[in-house]
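Enquirer: Please model the entire structure based on the sequences and the hints provided.
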Amino acid sequence: MTRLFQSNDQTLRRMCYLTIKEMANISEDVIIVTSSLTKDMTGKEDVYRGPAIRALCRITDTTMLQAIERYMKQAIVDKVPSVSSSALVSSLHMVKMSYDVVKRWVNEAQEAASSDNIMVQYHALGLLYHLRKNDRLAVSKMLNKFTKSGLKSPFAYCMLIRIASKLLEETEGGHDSPLFDFIESCLRNKNEMVVYEAASAIVHMPTCSARELAPAVSVLQLFCSSPKAALRYAAVRTLNKVAMKHPSAVTACNLDLENLITDSNRSIATLAITTLLKTGSESSVDRLMKQISSFVSEISDEFKVVVVQAISSLCQKYPRKHSVMMNFLSNMLRDDGGFEYKRAIVDCIIGIIEENPESKETGLAHLCEFIEDCEHTVLATKILHLLGKEGPRTPAPSKYIRFIFNRVVLESEAVRAAAVSALAKFGAQNDDLLPSVLVLMQRCMMDSDDEVRDRATFYMNVLQQKQKALNAAYIFNGLSVSVPGLEKSLHQYTLDPSERPFDMKSVPLATTPISEQKSDMAPIATSKMPEKMAPSRQDIYQEQLAAILEFQGLGPLFKSSEAVQLTEAETEYVVRCVKHTFAQHMVFQFDCTNTLNDQLLQKVVVQMEPSESYEVLHYIPAANLPYSQPGSCYSLVRLPEEDPTAVSCTFSCTMRYLVRDCDPNTGDPDDDGYDDEYVLEDLEVTVADHIQKVLKPNFGAAWEEVGDEFEKEETFALASVRTLDDPYRFVAEAKPQEVQRYDSVEALVQSAPDLPQNNMKSFRMMRIYDITYSIIKRLHKEDPHH
Numbered sequence: 001m002t003r004l005f006q007s008n009d010q011t012l013r014r015m016c017y018l019t020i021k022e023m024a025n026i027s028e029d030v031i032i033v034t035s036s037l038t039k040d041m042t043g044k045e046d047v048y049r050g051p052a053i054r055a056l057c058r059i060t061d062t063t064m065l066q067a068i069e070r071y072m073k074q075a076i077v078d079k080v081p082s083v084s085s086s087a088l089v090s091s092l093h094m095v096k097m098s099y100d101v102v103k104r105w106v107n108e109a110q111e112a113a114s115s116d117n118i119m120v121q122y123h124a125l126g127l128l129y130h131l132r133k134n135d136r137l138a139v140s141k142m143l144n145k146f147t148k149s150g151l152k153s154p155f156a157y158c159m160l161i162r163i164a165s166k167l168l169e170e171t172e173g174g175h176d177s178p179l180f181d182f183i184e185s186c187l188r189n190k191n192e193m194v195v196y197e198a199a200s201a202i203v204h205m206p207t208c209s210a211r212e213l214a215p216a217v218s219v220l221q222l223f224c225s226s227p228k229a230a231l232r233y234a235a236v237r238t239l240n241k242v243a244m245k246h247p248s249a250v251t252a253c254n255l256d257l258e259n260l261i262t263d264s265n266r267s268i269a270t271l272a273i274t275t276l277l278k279t280g281s282e283s284s285v286d287r288l289m290k291q292i293s294s295f296v297s298e299i300s301d302e303f304k305v306v307v308v309q310a311i312s313s314l315c316q317k318y319p320r321k322h323s324v325m326m327n328f329l330s331n332m333l334r335d336d337g338g339f340e341y342k343r344a345i346v347d348c349i350i351g352i353i354e355e356n357p358e359s360k361e362t363g364l365a366h367l368c369e370f371i372e373d374c375e376h377t378v379l380a381t382k383i384l385h386l387l388g389k390e391g392p393r394t395p396a397p398s399k400y401i402r403f404i405f406n407r408v409v410l411e412s413e414a415v416r417a418a419a420v421s422a423l424a425k426f427g428a429q430n431d432d433l434l435p436s437v438l439v440l441m442q443r444c445m446m447d448s449d450d451e452v453r454d455r456a457t458f459y460m461n462v463l464q465q466k467q468k469a470l471n472a473a474y475i476f477n478g479l480s481v482s483v484p485g486l487e488k489s490l491h492q493y494t495l496d497p498s499e500r501p502f503d504m505k506s507v508p509l510a511t512t513p514i515s516e517q518k519s520d521m522a523p524i525a526t527s528k529m530p531e532k533m534a535p536s537r538q539d540i541y542q543e544q545l546a547a548i549l550e551f552q553g554l555g556p557l558f559k560s561s562e563a564v565q566l567t568e569a570e571t572e573y574v575v576r577c578v579k580h581t582f583a584q585h586m587v588f589q590f591d592c593t594n595t596l597n598d599q600l601l602q603k604v605v606v607q608m609e610p611s612e613s614y615e616v617l618h619y620i621p622a623a624n625l626p627y628s629q630p631g632s633c634y635s636l637v638r639l640p641e642e643d644p645t646a647v648s649c650t651f652s653c654t655m656r657y658l659v660r661d662c663d664p665n666t667g668d669p670d671d672d673g674y675d676d677e678y679v680l681e682d683l684e685v686t687v688a689d690h691i692q693k694v695l696k697p698n699f700g701a702a703w704e705e706v707g708d709e710f711e712k713e714e715t716f717a718l719a720s721v722r723t724l725d726d727p728y729r730f731v732a733e734a735k736p737q738e739v740q741r742y743d744s745v746e747a748l749v750q751s752a753p754d755l756p757q758n759n760m761k762s763f764r765m766m767r768i769y770d771i772t773y774s775i776i777k778r779l780h781k782e783d784p785h786h
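Everything in the sequence shown is counted per my numbering, starting at 1 for the first residue and increasing by one.
No lab work stands behind these hints: they were computed from the structure. Hints are supplied without guarantee of correctness; some may be wrong.
In silico lysine-lysine, BS3-like type, Cα no more than 25 angstroms apart, as pairs [claimed, not checked]:
1. LYS228 <-> LYS152
2. LYS488 <-> LYS468
3. LYS468 <-> LYS693
The calculated label-pair distances, taken between Cβ atoms and stated as ranges, are [stated by the list, open to error]:
4. SER226 <-> ARG3: 23 to 33 angstroms
5. ALA569 <-> ARG537: 46 to 56 angstroms
6. GLU372 <-> GLU170: 52 to 62 angstroms
7. ASN259 <-> ILE26: 48 to 58 angstroms
8. LYS693 <-> SER412: 53 to 63 angstroms
9. ARG537 <-> GLU369: 38 to 48 angstroms
10. THR63 <-> GLU170: 34 to 44 angstroms
11. THR457 <-> ARG537: 34 to 44 angstroms
12. SER506 <-> PRO206: 43 to 53 angstroms
13. GLU615 <-> LYS389: 55 to 65 angstroms
14. GLU170 <-> ARG537: 38 to 48 angstroms
In this text, all values refer to a predicted model and were calculated from it rather than measured experimentally. C-beta: ideal position from N, C-alpha, C; glycine also.
Expert: As structure tokens, this is what we get:
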């Protein structure tokens with residue numbers, strides 16, 4: 001390589017620099033070419049100097065950096081822009097390797113920041129920011145300096161805008177901040193790139209209201225009519241994002257967006273239409289759907305997904321238009337497309353079915369037609385699961401049986417297994433169909449796949465019992481346990497052989513529905529190995545508590561509460577409590593932090609005095625609590641035996657410990673210590689600590705399964721009617737005389753002065769108004785003084 005430096009061929013020389021950079025990772029003697037590169041770096045040939053700097057910095061380590069520091073400082077302030085930019089960018093790469101050395105070049109970087117060359121100024125600003133980004137005050141000073149003095153480089157302005165918006169977010173600065181004023185002033189910059197960057201920054205601020213977005217939206221509206229396709233695309237893409245949170249702010253741009261529907265660039269046309277779908281009125285839906293149909297086949301799958309997402313949000317906004325949209329989506333399902341595109345459509349149709357009961361049969365019919373030719377196993381199993389959940393509750397459930405059994409005959413093992421599960425739900429919920437389902441199950445028991453045979457045999461035996469409780473427990477709602485917890489419990493059972501059968505009650509409950517952990521008894525077959533399921537927060541607590549000897553006989557963990565703070569944030573000791581509920585006991589986990597650097601705490605316990613019939617059985621201390629290192633101590637409490645779920649209790653808590661003074665610098669404690677205590681906030685146990693949210697797909701079946709013996713009746717009061725939203729509050733507080741004046745709920749609600757008018761567009765809100773109004777009217781008729 002050193003011999004090649006003797007050649008004066010420019011192309012060959014630059015090839016040498018590239019080769020050195022590529023070979024730097026595998027070569028041990030990179031130091032041999034250092035002198036050759038240093039010579040080129042300080043030479044007279046400007047065409048060699050920049051590339052030589054980049055190559056030299058690529059092979060330089062921390063030990064060699066001192067030797068080239070002087071040359072780097074000179075290169076940063078060099079008059080040749082390419083040399084200066086090369087030095088600045090190389091310095092930025094070396095910040096990760098040797099921050100302290102590069103920090104000494106700040107003066108040179110600041111000098112480069114006043115360069116007339118736009119790239120040098122941009123690179124200098126980038127280096128200055130990365131050297132100061134961990135010091136918020138230094139970044140603020142840098143921003144103040146450059147926002148006042150001004151910059152020539154549009155790239156540097158864009159970077160300043162990004163730094164300013166990040167600082168605004170970190171400091172939670174309001175719109176009165178000078179930084180926001182600077183970003184807003186950039187909307188009037190001569191360079192289009194800077195204007196767009198400023199508009200984009202304002203749009204993406206989380207706290208911006210529709211009024212504060214107005215200047216940015218006006219600029220984007222001007223870009224919509226730009227002759228440059230890139231600007232039109234940027235504007236409509238950003239307006240599309242604005243429309244998700246603030247559709248009313250984009251309404252002013254609707255005319256410009258409609259002009260973009262016929263744009264020659266299909267990406268722009270797609271984004272324009274999807275934005276209009278989010279901001280348009282109900283009357284414009286049919287026209288927009290026709291316009292989409294004309295070109296949807298010409299755009300890429302990525303933009304088709306955007307269209308589907310827009311239709312999904314439109315369905316929530318205008319439920320009465322679901323039939324138009326459902327037909328459009330079914331046509332899209334028949335078109336060619338990839339997995340993500342098809343999944344987006346299926347998810348959208350399922351969403352419409354769940355939101356609008358009237359659309360259920362139409363949606364299920366489209367999905368049944370789709371799985372006849374569906375090549376994606378994941379989507380087929382998902383649709384079969386939906387058919388099993390919704391199909392039995394339709395007026396004519398038998399029509400879905402054919403589609404489901406076709407999957408058993410024609411499809412892969414995973415889909416056949418899902419089809420068997422769906423058939424079982426039809427048999428369990430419809431007595432008329434049960435004989436036919438049992439015949440089909442007998443056929444499935446001869447399947448070539450063991451999973452399909454096992455399911456068919458299992459469901460066959462359950463269905464033949466004809467018991468609602470069995471159907472609810474094993475067909476409708478399935479398991480409601482944590483899958484990682486089940487895995488660990490089964491593994492533990494195999495390690496400790498026993499004659500007694502495995503008890504499912506020993507497994508902790510799932511905090512999310514089992515269908516979200518794994519599809520409801522329908523294995524998802526994908527092209528790659530399934531990822532290992534991450535344990536939930538409750539699974540982690542279960543494992544931690546099981547490792548403590550005193551807690552091993554408590555059984556499965558029922559629920560872990562959120563942490564409750566028992567001290568103020570600024571106090572010398574920070575203590576928070578997590579309540580772990582078991583069948584007959586509660587474990588209180590106290591996470592303690594010592595914030596005093598001149599103390600070591602030992603034998604830390606939190607003593608508890610209950611106000612009711614709870615009994616404290618055992619304390620497990622934290623052995624040591626050094627400065628700023630969290631530790632945990634535990635208290636074991638027995639629940640009242642007569643009715644553990646009904647008793648609320650308040651515990652007085654006192655932290656007791658042995659204090660040993662220590663050296664703040666070394667942390668070495670004294671030999672002697674003394675006992676001390678610290679009073680904590682009271683801790684409450686409420687009914688909520690005994691209640692776990694376990695979602696049941698079929699609530700009716702779960703309710704029947706519980707029976708009457710567990711029924712308990714109590715009366716609860718709302719804290720205040722004022723917690724209701726304004727529309728509800730106005731109707732709830734309406735006086736009979738006021739109610740009499742209005743013959744329609746719309747007139748009643750619209751008379752509220754502070755009611756947002758756009759709420760009237762919501763179908764759900766209208767139903768609530770109708771019901772409330774009819775109640776008020778009926779009560780008034782029964783008793784005029786009510």
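Enquirer: Could you see if the CB distance from SER226 to ARG3 stays within 23 to 33 angstroms?
Expert: Violated, since SER226 and ARG3 (Cβ atoms, about 55 angstroms apart) do not stay within the stated range.
Enquirer: Does LYS468 lie within 25 angstroms of LYS488 when you go C-alpha to C-alpha?
Expert: Cα-Cα ~31 angstroms, so violated.
Enquirer: Evaluate the given range 48 to 58 angstroms for the C-beta pair formed by ASN259 and ILE26.
Expert: About 57 angstroms separates the Cβ atoms of ASN259 and ILE26, which means 48 to 58 angstroms holds.
Enquirer: That 34 to 44 angstroms hint for THR63 and GLU170 (C-beta), does it hold up?
Expert: About 36 angstroms separates the Cβ atoms of THR63 and GLU170, which means 34 to 44 angstroms holds.
Enquirer: Just to be sure I understand the hint, the distance between the Cβ atoms of SER506 and PRO206 should be within 43 to 53 angstroms; is that true here?
Expert: 45 angstroms, holds
Enquirer: Next pair to validate is LYS468 with LYS693; report whether the Cα-Cα distance is within 25 angstroms.
Expert: 23 angstroms, holds
Enquirer: Against the range 38 to 48 angstroms, how does the distance between the Cβ atoms of ARG537 and GLU369 compare: consistent or not?
Expert: Hint holds: Cβ distance 42 angstroms, inside 38 to 48 angstroms.
Enquirer: Evaluate the given range 34 to 44 angstroms for the C-beta pair formed by THR457 and ARG537.
Expert: 36 angstroms, holds
Enquirer: Has the hinted range 55 to 65 angstroms been met by the Cβ atoms of GLU615 and LYS389?
Expert: 45 angstroms, violated
Enquirer: Starting from the range 52 to 62 angstroms, see whether the pair GLU372 and GLU170 falls in it by beta-carbon distance.
Expert: Since GLU372 and GLU170 have Cβ atoms about 54 angstroms apart, the given range 52 to 62 angstroms holds.
Enquirer: Does the beta carbon distance between LYS693 and SER412 stay inside 53 to 63 angstroms, or does it fall outside?
Expert: About 35 angstroms separates the Cβ atoms of LYS693 and SER412, which means 53 to 63 angstroms is violated.
Enquirer: Given the range 38 to 48 angstroms, decide if the beta-carbon distance of GLU170 to ARG537 lies inside it.
Expert: Given a distance of about 28 angstroms, which is not inside 38 to 48 angstroms, the answer is violated.
Hint check: violations occur at hints 2, 4, 5, 8, 13 and 14; the rest are consistent with the structure.
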